[in-house]
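Asker: Mind docking chains B, C and D on chain A? Use the hints.
Residue numbers (our numbering), protein chains in the order written: chain A, 885 to 1238; chain B, 885 to 1238; chain C, 885 to 1238; chain D, 885 to 1238.
Since the hints were made in silico from the structure, they are not lab data. There could be a bad hint or two in this list.
In this list, chains with the same sequence are indistinguishable; a pair is considered to hold if it fits within one copy or across any two.
[As the list claims (entries may be wrong)] Straight line, CA to CA, 25 Å or less: simulated DMTMM-like cross-link-like pairs of lysine to aspartate or glutamate: (1) K1100 / D1059; (2) K1117 / E1215; (3) K1148 / E1215; (4) K1148 / D1213; (5) K1225 / E979.
Here's the letter readout for the chains.
There are 4 protein chains.
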Amino acid sequence: MIIHLSKEATPEQKQTVLRKIESFGLSYQISHGTTGIDLIGIMGDMSSVEEGFFQEFDGVDKVIRISRPYKLVSREFSSATKIIKVDDLEIGGRELVIMAGPCALENERQVLTIAEYVHELGIPVMRGGAYKPRTSPYNYQGMGLTGLKLLGKAREQFGLKIITEATGQHHHICDDGTKEERSVLENVIDYSDIIQVGARNMKSYGLLQELAILTKENQKPILLKRGEASTIKDFLLAAEYLVANGNPNVILCLRGIRTFEEEKFQRYTPDLGAIAVLKRESNLPVFFDPSHACGYRSNVYRISMAAVAAGADGLIIETHNDPANALCDGEQCVSNDQLKKIKDDAAAIRALLG
Amino acid sequence: MIIHLSKEATPEQKQTVLRKIESFGLSYQISHGTTGIDLIGIMGDMSSVEEGFFQEFDGVDKVIRISRPYKLVSREFSSATKIIKVDDLEIGGRELVIMAGPCALENERQVLTIAEYVHELGIPVMRGGAYKPRTSPYNYQGMGLTGLKLLGKAREQFGLKIITEATGQHHHICDDGTKEERSVLENVIDYSDIIQVGARNMKSYGLLQELAILTKENQKPILLKRGEASTIKDFLLAAEYLVANGNPNVILCLRGIRTFEEEKFQRYTPDLGAIAVLKRESNLPVFFDPSHACGYRSNVYRISMAAVAAGADGLIIETHNDPANALCDGEQCVSNDQLKKIKDDAAAIRALLG
Amino acid sequence: MIIHLSKEATPEQKQTVLRKIESFGLSYQISHGTTGIDLIGIMGDMSSVEEGFFQEFDGVDKVIRISRPYKLVSREFSSATKIIKVDDLEIGGRELVIMAGPCALENERQVLTIAEYVHELGIPVMRGGAYKPRTSPYNYQGMGLTGLKLLGKAREQFGLKIITEATGQHHHICDDGTKEERSVLENVIDYSDIIQVGARNMKSYGLLQELAILTKENQKPILLKRGEASTIKDFLLAAEYLVANGNPNVILCLRGIRTFEEEKFQRYTPDLGAIAVLKRESNLPVFFDPSHACGYRSNVYRISMAAVAAGADGLIIETHNDPANALCDGEQCVSNDQLKKIKDDAAAIRALLG
Amino acid sequence: MIIHLSKEATPEQKQTVLRKIESFGLSYQISHGTTGIDLIGIMGDMSSVEEGFFQEFDGVDKVIRISRPYKLVSREFSSATKIIKVDDLEIGGRELVIMAGPCALENERQVLTIAEYVHELGIPVMRGGAYKPRTSPYNYQGMGLTGLKLLGKAREQFGLKIITEATGQHHHICDDGTKEERSVLENVIDYSDIIQVGARNMKSYGLLQELAILTKENQKPILLKRGEASTIKDFLLAAEYLVANGNPNVILCLRGIRTFEEEKFQRYTPDLGAIAVLKRESNLPVFFDPSHACGYRSNVYRISMAAVAAGADGLIIETHNDPANALCDGEQCVSNDQLKKIKDDAAAIRALLG
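Isolated chain A, as found in the complex (with noise of 0.2 Å):
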């Protein structure tokens, strides 16, 4: 239920929707529209509640009920969508927004090469993954901490904004076996201008939860990825999840769908079609990761821009100084040259369908 206050609402009539809400053992988060109108949803098992009754309080412009599982997410719930600002950087807004950087962080030489030419591209972001969930336990499982810390050196270095993944690992087991101090979650949260949840935790519900409630006071973005095989509505109740623990900030990323096709020709099937039907049903800004939905550079470029020209608000590209070494994903990542030229092309189709 979305209780749409009047413009003319005096703080103590707000007040008194708020406290009837919480009498009724319910719990709200409020938004803030574009309109300057304060946007009540409220959560919680509301059939006790009658029809209409908040209806009649002062202030109270409209009260709507939302059909969609997901709510607060929801076009119903805010018809604008979303803009999410890093200090001058706007997500989801007019500009489309690029993040680029190495699947995984390998040493220091290779994250500031990559860094420098990232920041040199204009692109205003940086990824690179420290904790690595990986398919097979024997495969390279991510720098940790350390690499965490060689992103803020590109950071400083080249001003660039960070985003890294966090993983639902309590604590980070070294390669040398040694435990790192703090979790996973707390050192990702301080290090990343953005938190990423990758696709393998989209349904770890419990990960989802905690870190909404860490970050309920920084309010960091969190982009979350889509489950190789969650359906969109499972997708958008996962980003509910965020919202309604206590951040609002949440990015949609698709990044390919598993089907009946065969690996080799594409790693996944990039779910291009989802990224039109998430602007509509979501309020959330949406991006697309075309390395990881590809599996191979040779895609990447095309299907970046069919991604923007689908309407996405930004992409998330693996880019390697050297793919032919690369630890993880190297037959994905595109090189310096590709980079630029996607970025170019999709700026000119961004600009061309708007």
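Answerer: This is chains B, C and D only, laid out in the frame that chain A set:
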């Protein structure tokens, strides 16, 4: 196995090679490349032909074994995309080609009203189903020959090329229970400029073989749609059926695949990634059908843009003068205004990306 | 809409009802239930028939609107499973029915060797493909009419019933390039006791319609395989095509669906859950084809047991006298010994669970 | 790489081998086969170890390179199915093992009522979720520690073994907003005899690693459910995470996969074929969860029978004293009577097929 003749090969040398191929009990197809060189594709069981055997013949430049299961439609066989001509219209060339029209033909007024608008927009090809394969036996099954004749009128009055679907039925049974005299294949071949094979019949290999043989002489182009759950390999092998049986003028058309997604969001999942894969794997032109892929009008514009950005050579779009009362798939038909916008913006993207 | 006549309904009362149905431009099918009561299934657009209209006719017991899109094949239409008789053989009855034989017919020795063993095992029906729809145009396409004649020999020598596949091809083209005189459908109907429609043709609605019309008189049973990615609803609607066009003797056969699984583990995913669903939704007998579902011999025994435990009324199994040299799908053929064990243990499970 | 020691290998010879492995920077796991022979599985990058190096050591019988990406859980590593003991209960042995109980724990009366019936039926293990990962943040999230204590009571009063689910959450947040002191993992390990990892967390590799390390000493068995769209390879690699990190007592549990099927027929597609595949590929016991696979009570009996016929070593079934009012998944809970019939008939099939 592909034999590239040298530029200087004489007709006699060519004949010697061909007669040798036949002496092994093998068949062949000759392709005239854009470079003016003849390529001879050999088909059949080549286990008894020694590696290098044909290399030594006079007039032979080089011999290539094709590793793909699909031979004649592969990029290995011919590195240039095949350009298919219908009079002055080039399919697979520099210009994007749009085909538009209703899902099903309904009556003269509907057909000519839509034809007029399609013509006015400068769209060269009109689509429209006279024989409709429907999921339920209780749904509208199409006008049959009467509909084909209306398409003939549209061609005559507006100079449009006609594409319409062939089905596996020998003789269509009309609403009044009477049987059409000639077979569906014969009728469709007669009345169309381009013959469509629908997704449901992609694996009706008997139909493909028969269609290729019946069009061996007139070489009318065949637009082959991908089955809702066929792999890319199986799709290309179905195209191979057409080419190997005598008609090389095949257009591949994607229209969405079946995945785990709930139908209320997307009727099918538009597999736009397959456009990039097919452009890399095959030498045939690649089209996209955004109407069936999306299933809902509101997504057709964005998915059309994405398809062109992904590299599609053309679009086939459902439009209707009165979508609300269409006898088939009205919810996915775009209006005239939407069709105009799609045409204009798609051309702009094609110009931008090449 | 289903009209249940009362037990005491006179022929005249029945005729009055039928003529009234016709007067609305609707058609009907009559089903003689095991209880001796006539059920009249009405087909067509019933929007002009008022709710309750037929209820008041003499001789009418009750009128039921069927809510499923598939009418005649639904449990709503008839609560008892249809028993299909082929001479003394009952399909869908108490006894499990096994059909076995090679994937493709190859030569007289192979056909008669296998027929002899099938017969010795007490298996009543022999399968074997004369017309083979193959994914690649370069693969073995079957013996055609020559193969059908060998099946005729097997029937004669060993008293076996014959099931073989009909395809959509009008006229089969032999290896030597000549065309068979009669159509594939006509040949198959002539030489078989049960006609198989393969998974690839499940949505070739023209074929289904034509087959039903051609067998309207002889009522030869049709075993319809589920398409590799057809939903249960679409499968039942395909069966409805056969029944609504005149042949009610339809056997549903599952053979695995396409999923995200890697083919090296399972060629298809055996959808054994669909057995239970079909037994609940439909009144038709349900078979399972473990050979295509698994794709590998080593799993066929276990999946056969599972299918019978899940409630299948029969199995159709590929067997070969020399699997290693089979021209088609040898890796999924079981040996004679394995076939015997499947038969015995399957019967024991059927006896145990009923 | 697996080193089979000879029967006569002395402790000193074994130590020499182990110290040599460590000297390469590699780690290992020792498995005591049923034959009394020690198998040493070596993990890590073995590219610097020459083929045949260990073959020449005293006390070494043979050395086998494992070709599968999953090593320790493969049949290549150990040809016998691992038998896991919980006191006197054998999992993976001759007897089928059934686990039953409610989806979610609700209150003392519910837990003890169900426990009593489960006990009376002779079912040795009770299931019940205290921490519930739910698709919507607005759904019932479980009783937490209070629920675990009720399971403790059930164990005490009825001598049942307890299985309950661990989630990735560090600290559960109760309905009243307070946080539990100890982590979910710690609580679940304390209160359970067998720890369940749910399908949603199958790829939460951090959770798997942590769980294996925390149970390294007590070696409590872990039942790992397959993710709704994980391939068989990924499922086995997730199990490998547990074994490679120190806990070899892993039970594989299938519970249905996501396919294109409409949910109203089957919540998931029960992948019973995977039972046969897993029994061939892996040395771990294989269970099946018919309740989640079907999603509807009416199919649970038949799918349970099919799972046992396909070779499952056990079933985990949802049951409820009052399904209509269950707080979670009531429509898939069987009644007590149905549970009894499943138990009896499943045992009969196990006895029949072995």
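Asker: Could you tell me which of the numbered hints above are not met by this structure, giving the numbers in increasing order?
Answerer: none
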